[in-house]
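**Student:** Here are the chains, one letter per residue:
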Amino acid sequence: MIELEHVSKRYGATTVVEDVSFTVAAGEFCVLIGSSGAGKSTTLKMINRLIPQSAGTIRVGGRDIRELEPAALRRRIGYVIQSIGLFPHWTVARNVAAVPELIGWAAARSLARAAALLEQLKLPPGEFLEKYPHQLSIGQQQRVGIARALAADPDILLMDEPFGALDPITREVLQAEIAEIQRANRKAVVFVTHDMEEALRLASRIVVMDRGRLVQVGTPLELLTAPASAFVRDFVGSDDLGIKLLGVATVAERLRSAASAPGEPIAVTASLRQALSRMVAEGVDRLGVIDGAGKPIGAIHLADLLRR
Amino acid sequence: MSAWPLRYWRDPLLWTGLALVALVLLMPSTKPFFAALFPKLPRPMFDLDSFADLLIGHMLVVAASSVAATALGVGAGVFVSRRAGAEFRAIVGSIVTIGQTFPPVAVLAVAVPVVGFGFEPAFFALLLYGILPILENTIAGLASVPAPLCDAARGIGMGEASILRRVELPLAAPLIVGGIRTSVVINVGTATIASTVGARTLGLPIIIGLDGANLAYILQGGVLLGLLAIVLDLAFARLLAAVQVRRG
Numbered sequence: 001m002i003e004l005e006h007v008s009k010r011y012g013a014t015t016v017v018e019d020v021s022f023t024v025a026a027g028e029f030c031v032l033i034g035s036s037g038a039g040k041s042t043t044l045k046m047i048n049r050l051i052p053q054s055a056g057t058i059r060v061g062g063r064d065i066r067e068l069e070p071a072a073l074r075r076r077i078g079y080v081i082q083s084i085g086l087f088p089h090w091t092v093a094r095n096v097a098a099v100p101e102l103i104g105w106a107a108a109r110s111l112a113r114a115a116a117l118l119e120q121l122k123l124p125p126g127e128f129l130e131k132y133p134h135q136l137s138i139g140q141q142q143r144v145g146i147a148r149a150l151a152a153d154p155d156i157l158l159m160d161e162p163f164g165a166l167d168p169i170t171r172e173v174l175q176a177e178i179a180e181i182q183r184a185n186r187k188a189v190v191f192v193t194h195d196m197e198e199a200l201r202l203a204s205r206i207v208v209m210d211r212g213r214l215v216q217v218g219t220p221l222e223l224l225t226a227p228a229s230a231f232v233r234d235f236v237g238s239d240d241l242g243i244k245l246l247g248v249a250t251v252a253e254r255l256r257s258a259a260s261a262p263g264e265p266i267a268v269t270a271s272l273r274q275a276l277s278r279m280v281a282e283g284v285d286r287l288g289v290i291d292g293a294g295k296p297i298g299a300i301h302l303a304d305l306l307r308r
Numbered sequence: 001m002s003a004w005p006l007r008y009w010r011d012p013l014l015w016t017g018l019a020l021v022a023l024v025l026l027m028p029s030t031k032p033f034f035a036a037l038f039p040k041l042p043r044p045m046f047d048l049d050s051f052a053d054l055l056i057g058h059m060l061v062v063a064a065s066s067v068a069a070t071a072l073g074v075g076a077g078v079f080v081s082r083r084a085g086a087e088f089r090a091i092v093g094s095i096v097t098i099g100q101t102f103p104p105v106a107v108l109a110v111a112v113p114v115v116g117f118g119f120e121p122a123f124f125a126l127l128l129y130g131i132l133p134i135l136e137n138t139i140a141g142l143a144s145v146p147a148p149l150c151d152a153a154r155g156i157g158m159g160e161a162s163i164l165r166r167v168e169l170p171l172a173a174p175l176i177v178g179g180i181r182t183s184v185v186i187n188v189g190t191a192t193i194a195s196t197v198g199a200r201t202l203g204l205p206i207i208i209g210l211d212g213a214n215l216a217y218i219l220q221g222g223v224l225l226g227l228l229a230i231v232l233d234l235a236f237a238r239l240l241a242a243v244q245v246r247r248g
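As given, the protein sequences belong to chains A and B, one line each in that order.
Numbering (the working numbering) for the first sequence: 1 to 308.
Numbering (the working numbering) for the second sequence: 1 to 248.
None of these hints come from the bench; they were simulated from the model.
Check each hint, because a few of them may be wrong.
[Said to hold, decoys possible] Using C-beta positions, here's what the derived DEER-type ranges look like:
| no. | chain 1 | residue 1 | chain 2 | residue 2 | range |
| --- | --- | --- | --- | --- | --- |
| 1 | B | A140 | A | G61 | 39 to 47 Å |
| 2 | B | A86 | A | S21 | 41 to 49 Å |
| 3 | A | D234 | B | A140 | 45 to 53 Å |
| 4 | A | A107 | B | R10 | 34 to 42 Å |
| 5 | B | A86 | A | R109 | 36 to 44 Å |
| 6 | B | G85 | A | N185 | 40 to 48 Å |
| 7 | B | D11 | A | K122 | 50 to 58 Å |
| 8 | A | R109 | B | I56 | 19 to 27 Å |
| 9 | A | S36 | B | F79 | 34 to 42 Å |
| 10 | A | I169 | B | A235 | 48 to 56 Å |
| 11 | B | A86 | A | S36 | 23 to 31 Å |
| 12 | B | E87 | A | I169 | 47 to 55 Å |
| 13 | A | R109 | B | F79 | 36 to 44 Å |
[Stated by the list, open to error] A few chain A residues facing chain B, derived, Cβ under 7 Å:
| no. | residue |
| --- | --- |
| 14 | A71 |
| 15 | R74 |
| 16 | L102 |
| 17 | R307 |
[Unchecked claim] Among the chain A residues that face chain B by a calculated CB cut under 7 Å, a handful are:
| no. | residue |
| --- | --- |
| 18 | L50 |
| 19 | I51 |
| 20 | R75 |
| 21 | Y79 |
| 22 | A98 |
Note that this is a predicted model, so its numbers are computed, not measured.
For every residue, glycine included, the Cβ atom is placed at its ideal position computed from N, Cα and C.
Sequences are here, hints too, so could you generate the full structure?
**Tutor:** In structure tokens, the structure reads:
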């Protein structure tokens with residue numbers, strides 16, 4: 001869906017992105033991570049031509065982006081930024097319908113789409129459609145920002161530290177929702193962050209950048225177990241490596257299907273980290289496991305967490 | 001009886017507007033009042049021209065010059081706020097400021113030999129005077145639009161013209177309208193001296209009154225002029241409230 005080949009960005013003599021190559025397939029959640037000034041935001045903005053690349057080739061949906069008209073390219077790509085950027089003089093409805101309006105949808109269709117998206121993002125449309133951005137909390141504003149990005153149902157979503165300004169609780173809720181939306185619609189997501197916890201929680205693939213260069217590309221598990229360099233190891237954080245490893249695996253992977261256990265069960269989609277946390281908090285060494293419908297399907301033991 | 005709610009009757013714009021119209025039409029019948037106030041004056045009521053004509057002439061020259069000043073001021077403000085026009089910003093600012101430093105009388109005096117007597121020299125003098133506040137406020141208004149907002153607009157696929165029309169101008173509108181308001185109110189006053197070059201404005205009774213030491217003429221012109229300025233200011237306050245964006 002998105003291909004970067006030997007992409008560089010130079011401002012005069014300064015190189016901010018150097019020879020970066022990676023691809024993001026449909027249904028993939030790709031997180032660009034690195035400290036500030038690593039070039040991750042610049043890389044993201046080159047994909048929708050907000051910043052022109054100095055060298056290399058970027059293809060979106062198989063086509064070189066330099067052959068596409070910038071505005072037309074951007075309308076096919078959802079864009080979410082940290083400062084949210086809702087238009088303060090427009091209602092929520094008009095903000096969400098901005099891209100459909102640009103590509104010429106009928107007003108009724110745009111409005112219906114906006115209402116459906118707000119519903120999906122847990123903002124009751126009856127209450128929120130006619131509100132103005134300043135009447136919303138920051139978390140609600142970013143929900144509207146995500147709805148706006150999804151309005152024309154783009155295959156690709158670019159997110160530039162979208163949850164950076166949110167409080168930890170709101171951030172976690174929105175992380176879960178964006179992960180759900182991405183999975184359900186098989187979007188290709190490129191997500192910039194400097195928060196490794198966030199990257200490990202969301203990513204199917206992580207691209208680590210340092211001073212404009214690509215340092216390592218891998219799954220969260222690969223990054224944790226086989227860091228390519230001391231930089232990556234430090235960046236991932238080695239002191240609670242075990243906890244992070246448990247965080248990137250789910251109960252489903254260690255399920256004992258024939259077993260059962262007393263007490264409050266845990267969902268099969270929960271992370272092993274959550275399972276460990278429950279065991280420690282409750283002073284037990286096993287938990288019953290239920291599926292999405294709430295049906296008991298087995299158990300997980302403390303010893304299972306130690307298995308590699 | 002009336003379908004109008006009470007709040008319309010309490011509207012100061014309505015009352016000052018009605019007062020202006022009434023005073024313009026009824027001014028000649030106040031002659032006994034002015035005769036009593038200034039017993040020594042042989043002609044206590046200005047009657048060289050009808051006050052209605054003078055008011056209309058005054059409003060026409062102010063409206064024409066303000067529309068032109070708005071077009072030029074907003075246009076130049078938008079141009080120098082674009083990347084392509086940024087380098088002209090200092091020059092445009094200087095030219096307009098120099099225009100502002102000429103006394104209006106001097107502009108009128110220079111304009112007469114070029115364009116003749118009457119409406120035109122007044123129009124050019126007021127135009128020159130009216131641009132600066134509009135230009136300055138347009139630049140300030142556009143600069144007040146947060147850059148990340150324009151980035152977001154660009155990022156979702158709005159073109160540059162669309163961003164200007166749908167995002168930047170609406171958000172800058174309160175400041176721009178404020179500039180137009182300042183410009184118009186200044187020009188209502190400045191248009192007074194335009195009657196020296198033959199433009200028919202409410203300045204005529206004032207200039208003739210000053211020339212002939214006729215305080216009654218000065219009062220008649222001055223009262224109408226003051227009321228006109230108040231009506232326009234109230235009207236702009238209304239317009240400003242309408243374009244004021246809702247934001248936190």
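**Student:** Run every hint past the structure and note whether it holds.
**Tutor:** Structure-based check of all given hints:
A hinted range of 39 to 47 Å holds for the C-beta pair A140 (chain B) and G61 (chain A), which are about 42 Å apart. Separated by about 36 Å at the C-beta atoms, A86 (chain B) and S21 (chain A) break the suggested range of 41 to 49 Å. Take D234 (chain A) and A140 (chain B): their Cβ atoms lie about 47 Å apart, and the range 45 to 53 Å holds. A hinted range of 34 to 42 Å for the beta carbons of A107 (chain A) and R10 (chain B) is consistent with their spacing of about 37 Å.
Against the hinted window of 36 to 44 Å, the Cβ-Cβ separation of A86 (chain B) and R109 (chain A) comes to about 40 Å, which satisfies the hint. Under the hint 40 to 48 Å, the C-beta atoms of G85 (chain B) and N185 (chain A), about 43 Å apart, fit the expected range. At about 44 Å, the CB distance of D11 (chain B) to K122 (chain A) disagrees with the hint of 50 to 58 Å. Between R109 (chain A) and I56 (chain B) the C-beta distance comes to about 50 Å, which lies outside the given range of 19 to 27 Å.
Between S36 (chain A) and F79 (chain B), the C-beta spacing of about 36 Å keeps the proposed range 34 to 42 Å intact. Checked against the given bound of 48 to 56 Å, the beta carbons of I169 (chain A) and A235 (chain B), roughly 50 Å apart, stay inside it. Between A86 (chain B) and S36 (chain A) the beta carbons are some 28 Å apart, a value that agrees with the proposed interval 23 to 31 Å. Distance hint check: the CB atoms of E87 (chain B) and I169 (chain A) are about 49 Å apart, consistent with the given range 47 to 55 Å.
At about 37 Å, the CB distance of R109 (chain A) to F79 (chain B) agrees with the hint of 36 to 44 Å. Interface restraint check for A71 (chain A): the shortest CB-CB distance to chain B comes to about 5 Å, inside 7 Å, so the restraint holds. A distance limit of 7 Å between C-beta atoms decides the matter here; for R74 (chain A) the minimum to chain B is near 4 Å, and the interface restraint holds. Checking L102 (chain A) against chain B by beta carbon gives a least distance of about 6 Å; that is within 7 Å, so the hint holds.
Interface restraint check: R307 (chain A) against chain B, minimum CB-CB distance 45 Å, threshold 7 Å, status violated. Interface hint at L50 (chain A): satisfied, since its Cβ lies 6 Å from the closest Cβ of chain B, which is below the 7 Å cut-off. With a cut of 7 Å, the hint placing I51 (chain A) at the interface with chain B is violated, because the nearest CB-to-CB distance is about 11 Å. A least Cβ separation of about 3 Å between R75 (chain A) and chain B falls short of the 7 Å threshold, and the interface hint therefore holds.
For the restraint placing Y79 (chain A) at the interface with chain B, the shortest Cβ-Cβ distance is roughly 4 Å, inside the 7 Å limit, so the hint holds. Below 7 Å, beta-carbon pairs count as interface contacts, and A98 (chain A) has one with chain B at about 6 Å; its hint therefore holds.
In this structure, the hints that do not hold are numbers 2, 7, 8, 17 and 19, in rising order.
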